[in-house]
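**Student:** What follows is each chain in one-letter form.
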Amino acid sequence: MGEETATAQQIADREMIARIGRGDQSAFSALYDRLSGPLYSLALRMLRDSADAQEALQDVFLQIWARAGTYDPEQSSVFSWTVLLTRSRVIDRLRARDRRLRLAVVSTDDKESRADASTIESAADTADRNDEAARVRFVLNNLPSEQREAIELAFFEHLTHQEIAAQLGQPLGTIKARIRRGLLKLRQRLRI
Amino acid sequence: MISEEQQDQAAVYVLGLLDSAEAGAFESALAADPALRDFVRELRDAAGDLALSAPAHTPPASLKQRVMREIAIKAKPSASVSIQRTALTWLPWAIAAGLIVFCGVLALDRFRLQRELTDVRATDPLMQTIFFTLSPSPPAPADAKVTVAWQPSRQSGVIRITNLPAPQPGRDYQLWAVDAAHKDPISAGVIRVDENGVAQLRFRPVDRAQQVKAFAISLEREGGVPKKEGPILFAGTA
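Note that the protein sequences, when read in sequence, are chains A and B. Per the working numbering: the first sequence = residues 1 to 192. Per the working numbering: the second sequence = residues 1 to 238.
Since the hints were derived computationally from the structure, they do not count as laboratory data. Since the structure is predicted, the reported quantities are computational estimates derived from the model, not experimental observations. Among the clues, some could well be false.
Claimed, not checked - Some chain B residues close to chain A (C-beta under 8 Å, calculated; not the full set):
id, residue
1, L43
2, G48
3, H57
4, I71
5, K74
6, G98
As the list claims (entries may be wrong) - Have a look at the derived ranges for each label pair, beta carbon to beta carbon:
id, chain 1, residue 1, chain 2, residue 2, range
7, B, M68, A, Q9, 18 to 28 Å
8, B, M68, A, A51, 15 to 25 Å
9, B, K145, A, A96, 42 to 52 Å
10, B, A32, A, A18, 23 to 33 Å
11, B, M68, A, R14, 13 to 23 Å
12, A, A18, B, R208, 37 to 47 Å
13, A, A51, B, Q200, 46 to 56 Å
14, A, S145, B, V158, 47 to 57 Å
15, B, M68, A, E15, 18 to 28 Å
16, B, A149, A, A8, 54 to 64 Å
17, B, K183, A, S145, 29 to 39 Å
18, B, L108, A, R14, 55 to 65 Å
19, A, Q170, B, K183, 27 to 37 Å
Note that the Cβ used here is the ideal one computed from N, Cα and C, for glycine as well.
Hey, can you work out the whole structure from these sequences and the hints?
**Tutor:** Right, here's the structure in full:
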């Protein structure tokens, strides 16, 4: 996707990243305000522990500060870049944990994270972000269930495609194709 | 035109699900194909959107204060450097001049060494050989070992395999060279292991390889296929 298809928000994000690359702390503060909510939500969804998620988020923002100069707009939007950075830091943390423990808490996830009073979404959060999130959830929930399931296991649970194939009893190629089709549909429907 | 197989591989690559050998092979293909790079960018942005589907939470305000303190500390050394720069503006020029002289000496020495190395390479076949170690991916047995010795100038190589059971009837193992100048892997022929799970043979890719980035072995229909269809069992870079 080139410059001509970038949204105003994406262009503003790139400008902020460029300023951060030059050491601008006020741009960094603004980017933190814009992205910390979604990135923290992602970290919490994957780690299921608010203290761990906060540490991961701190690592991510320090990485953004250190690596802003290496951001390449040809490879992804700023938002996707920071999401994938976050996911990578979270996966490092998950790997450091006992894998069996991680699998044991999968089924008790959402109750736990939603009950954490310190992290419940504040009323001051922007309506825009909530609208966008609601739209993504709607599109995701309306994907064919087998595609949504494969994507969620890969993205949030960080199961390998081999593990997903074993868990769902499907051939490896089928799982790869479901992930690919689901991601493309998600992208196409969000662009409308 | 991006094949469905490449599209599938791109999706799992974006989610970080490929092992390092597979990711290396995919990145080689990515470097050579602008359409594939655009496709990967689309998938990355889709993956970014996925994060918004997580239940929304806000981090505590104290976290921002901690992060801002940390970056203020990291930013300080550059401030002191800029003060020194003002006071000692001549120093970088002096260092640069010294480096230019030093680089000139190094360049002469490098030229001499390169000539010697070229002479040695021209006469010693071992010096022209690149070694690849291929790592197994399920369902290949974890203790199977595959090594490839590749001689670009001769466009041929030797592969050695141990601890790999014969495939089921109707199937064959097939070797592929992942080349920087080719969109698809180049077939290097079918490989048959003996009853002890061992194979050692010389091979030659069906097409000329310019710069082999990786070798891979897939499980294919008996007799082999012109274009890879089956799952990758082994892959590795030099």
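**Student:** It remains to establish, for every hint, whether it holds in the given structure.
**Tutor:** Going through the hints against the structure:
| no. | hint | result |
| --- | --- | --- |
| 1 | L43 | 5 Å, holds |
| 2 | G48 | 3 Å, holds |
| 3 | H57 | 4 Å, holds |
| 4 | I71 | 5 Å, holds |
| 5 | K74 | 7 Å, holds |
| 6 | G98 | 27 Å, violated |
| 7 | M68/B to Q9/A: 18 to 28 Å | 23 Å, holds |
| 8 | M68/B to A51/A: 15 to 25 Å | 19 Å, holds |
| 9 | K145/B to A96/A: 42 to 52 Å | 30 Å, violated |
| 10 | A32/B to A18/A: 23 to 33 Å | 29 Å, holds |
| 11 | M68/B to R14/A: 13 to 23 Å | 22 Å, holds |
| 12 | A18/A to R208/B: 37 to 47 Å | 44 Å, holds |
| 13 | A51/A to Q200/B: 46 to 56 Å | 55 Å, holds |
| 14 | S145/A to V158/B: 47 to 57 Å | 49 Å, holds |
| 15 | M68/B to E15/A: 18 to 28 Å | 20 Å, holds |
| 16 | A149/B to A8/A: 54 to 64 Å | 55 Å, holds |
| 17 | K183/B to S145/A: 29 to 39 Å | 35 Å, holds |
| 18 | L108/B to R14/A: 55 to 65 Å | 44 Å, violated |
| 19 | Q170/A to K183/B: 27 to 37 Å | 29 Å, holds |
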